[in-house]
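First to last, the protein sequences are chains U and Z. If you read the first sequence in my numbering, its first letter stands for residue 1, the second for the next number, and so on. If you read the second sequence in my numbering, its first letter stands for residue 1, the second for the next number, and so on.
Calculated directly from the structure, the hints in this document are not laboratory data. Treat each hint with caution, since some may be false.
[As the list claims (entries may be wrong)] Every beta carbon over 10 angstroms from chain U, so not counted as near; a handful from chain Z, in silico: (1) Pro8; (2) Thr14; (3) Thr20; (4) Gln26; (5) Phe60; (6) Pro62; (7) Phe64; (8) Leu67; (9) Asn71; (10) Asn77; (11) Asn79; (12) Asp85; (13) Ser86; (14) Ala87; (15) Leu90; (16) Val114.
[To be verified] SDA-like mimics (lysine to any residue), calculated; alpha carbons at most 25 angstroms apart, straight line: (17) Lys71/U x Gln44/Z; (18) Lys105/U x Thr9/Z; (19) Lys105/U x Leu83/Z; (20) Lys42/U x Pro62/Z; (21) Lys105/U x Ala38/Z; (22) Lys105/U x Asp85/Z; (23) Lys42/U x Gln41/Z; (24) Lys105/U x Gly40/Z; (25) Lys105/U x Gln107/Z; (26) Lys42/U x Glu53/Z; (27) Lys57/U x Ala19/U; (28) Lys57/U x Leu95/Z; (29) Lys105/U x His10/Z; (30) Lys42/U x His29/Z; (31) Lys42/U x Thr20/Z; (32) Lys71/U x Asn59/Z; (33) Lys105/U x Ser27/Z; (34) Lys105/U x Leu39/Z; (35) Lys71/U x Gly56/Z; (36) Lys42/U x Ser27/Z; (37) Lys42/U x Asp85/Z; (38) Lys22/U x Glu39/U.
C-beta: ideal position from N, C-alpha, C; glycine also.
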Amino acid sequence: GENVEQHPSTLSVQEGDSAVIKCTYSDSASNYFPWYKQELGKRPQLIIDIRSNVGEKKDQRIAVTLNKTAKHFSLHITETQPEDSAVYFCAASSGGSNYKLTFGKGTLLTVNP
Amino acid sequence: ETGVTQSPTHLIKTRGQQVTLRCSSQSGHNTVSWYQQALGQGPQFIFQYYREEENGRGNFPPRFSGLQFPNYSSELNVNALELDDSALYLCASSLAFTQNTEAFFGQGTRLTVV
Chain U
1 GENVEQHPST
11 LSVQEGDSAV
21 IKCTYSDSAS
31 NYFPWYKQEL
41 GKRPQLIIDI
51 RSNVGEKKDQ
61 RIAVTLNKTA
71 KHFSLHITET
81 QPEDSAVYFC
91 AASSGGSNYK
101 LTFGKGTLLT
111 VNP
Chain Z
1 ETGVTQSPTH
11 LIKTRGQQVT
21 LRCSSQSGHN
31 TVSWYQQALG
41 QGPQFIFQYY
51 REEENGRGNF
61 PPRFSGLQFP
71 NYSSELNVNA
81 LELDDSALYL
91 CASSLAFTQN
101 TEAFFGQGTR
111 LTVV
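Hey, can you work out the whole structure from these sequences and the hints?
Written out as structure tokens, the structure is:
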């Protein structure tokens with residue numbers, strides 16, 4: 001089955017700096033790659049996603065890149081703010097008729113004022 | 001808010017007992033997936049229901065079972081609870097399982113097994 005590795009497990013940056021989180025996946029059939037933000041005690045919320053026919057997607061301060069050949073995708077947050085502090089999860093969908101999401105173990109991002 | 005609601009929000013059970021968790025999917029969504037999130041880990045896929053039928057299952061034993069009702073709401077049942085079943089249980093609803101549409105998560109049920 002699919003396996004998603006996520007790095008780093010913790011990331012601390014100064015307000016205004018950029019943050020990058022990287023994920024690799026194993027199943028070449030995966031074609032959907034969402035990123036979720038989870039604040040303490042709350043539900044995971046989708047912040048951005050990318051599909052396999054696209055190499056890069058941007059939404060304001062957040063961008064995601066996908067390299068299908070290397071099977072890795074990354075989340076980029078620019079001009080970080082304290083409210084960006086949370087746990088971020090990457091995930092991959094196995095594709096086909098099953099919408100199972102396989103998640104990475106998460107990255108705790110701390111943005112210091 | 002996503003429109004996906006789960007009940008109860010918190011639950012404490014004793015080892016060996018049975019538990020039922022409930023999920024009301026977002027209006028118009030016909031697919032519900034259940035995930036188990038242990039502390040400090042990413043969510044792990046338990047199973048998915050589409051039009052009242054199980055449509056895919058993760059690496060969980062048969063004592064984890066589910067139902068989906070005609071209104072697309074869903075239940076997760078866990079029998080013979082073990083201490084390791086303590087986790088946040090999340091359900092996610094989506095519109096169509098054949099397309100990679102966005103999954104909206106509920107707020108979860110925090111289950112503690114003592």
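Hint check results:
1. Pro8: 15 angstroms, holds
2. Thr14: Holds: least Cβ distance 24 angstroms, greater than 10 angstroms.
3. Thr20: Check passes; 20 angstroms lies beyond 10 angstroms.
4. Gln26: Holds, since 12 angstroms exceeds 10 angstroms.
5. Phe60: 12 angstroms, holds
6. Pro62: 18 angstroms, holds
7. Phe64: 15 angstroms, holds
8. Leu67: 18 angstroms, holds
9. Asn71: Correct as stated: the minimum Cβ-Cβ distance to chain U is 20 angstroms, above 10 angstroms.
10. Asn77: 20 angstroms, holds
11. Asn79: Check passes; 23 angstroms lies beyond 10 angstroms.
12. Asp85: 19 angstroms, holds
13. Ser86: Serine 86/Z clear of chain U: closest Cβ-Cβ about 16 angstroms, beyond 10 angstroms.
14. Ala87: 13 angstroms, holds
15. Leu90: Non-interface label on leucine 90/Z violated, nearest chain U Cβ at 7 angstroms vs cutoff 10 angstroms.
16. Val114: It holds; valine 114/Z is separated from chain U by about 20 angstroms at its closest Cβ, greater than 10 angstroms.
17. Lys71/U x Gln44/Z: Holds, at roughly 21 angstroms.
18. Lys105/U x Thr9/Z: Cα-Cα ~23 angstroms, so holds.
19. Lys105/U x Leu83/Z: 21 angstroms, holds
20. Lys42/U x Pro62/Z: 28 angstroms, violated
21. Lys105/U x Ala38/Z: The hint holds at about 10 angstroms.
22. Lys105/U x Asp85/Z: 18 angstroms, holds
23. Lys42/U x Gln41/Z: Satisfied, since the Cα-Cα distance of roughly 14 angstroms is no more than 25 angstroms.
24. Lys105/U x Gly40/Z: With a Cα-Cα distance of about 8 angstroms, the restraint between lysine 105/U and glycine 40/Z holds, given a limit of 25 angstroms.
25. Lys105/U x Gln107/Z: OK: lysine 105/U and glutamine 107/Z at ~19 angstroms, within 25 angstroms.
26. Lys42/U x Glu53/Z: 29 angstroms, violated
27. Lys57/U x Ala19/U: 16 angstroms, holds
28. Lys57/U x Leu95/Z: 23 angstroms, holds
29. Lys105/U x His10/Z: Answer holds: lysine 105/U to histidine 10/Z is near 23 angstroms, not above 25 angstroms.
30. Lys42/U x His29/Z: 21 angstroms, holds
31. Lys42/U x Thr20/Z: 21 angstroms, holds
32. Lys71/U x Asn59/Z: Roughly 23 angstroms separates the two Cα atoms, so the pair holds.
33. Lys105/U x Ser27/Z: 30 angstroms, violated
34. Lys105/U x Leu39/Z: 10 angstroms, holds
35. Lys71/U x Gly56/Z: The given pair, whose Cα atoms are some 24 angstroms apart, holds under the 25 angstroms limit.
36. Lys42/U x Ser27/Z: OK: lysine 42/U and serine 27/Z at ~21 angstroms, within 25 angstroms.
37. Lys42/U x Asp85/Z: Holds. Lysine 42/U to aspartate 85/Z sits at ~19 angstroms (cutoff 25 angstroms).
38. Lys22/U x Glu39/U: 19 angstroms, holds
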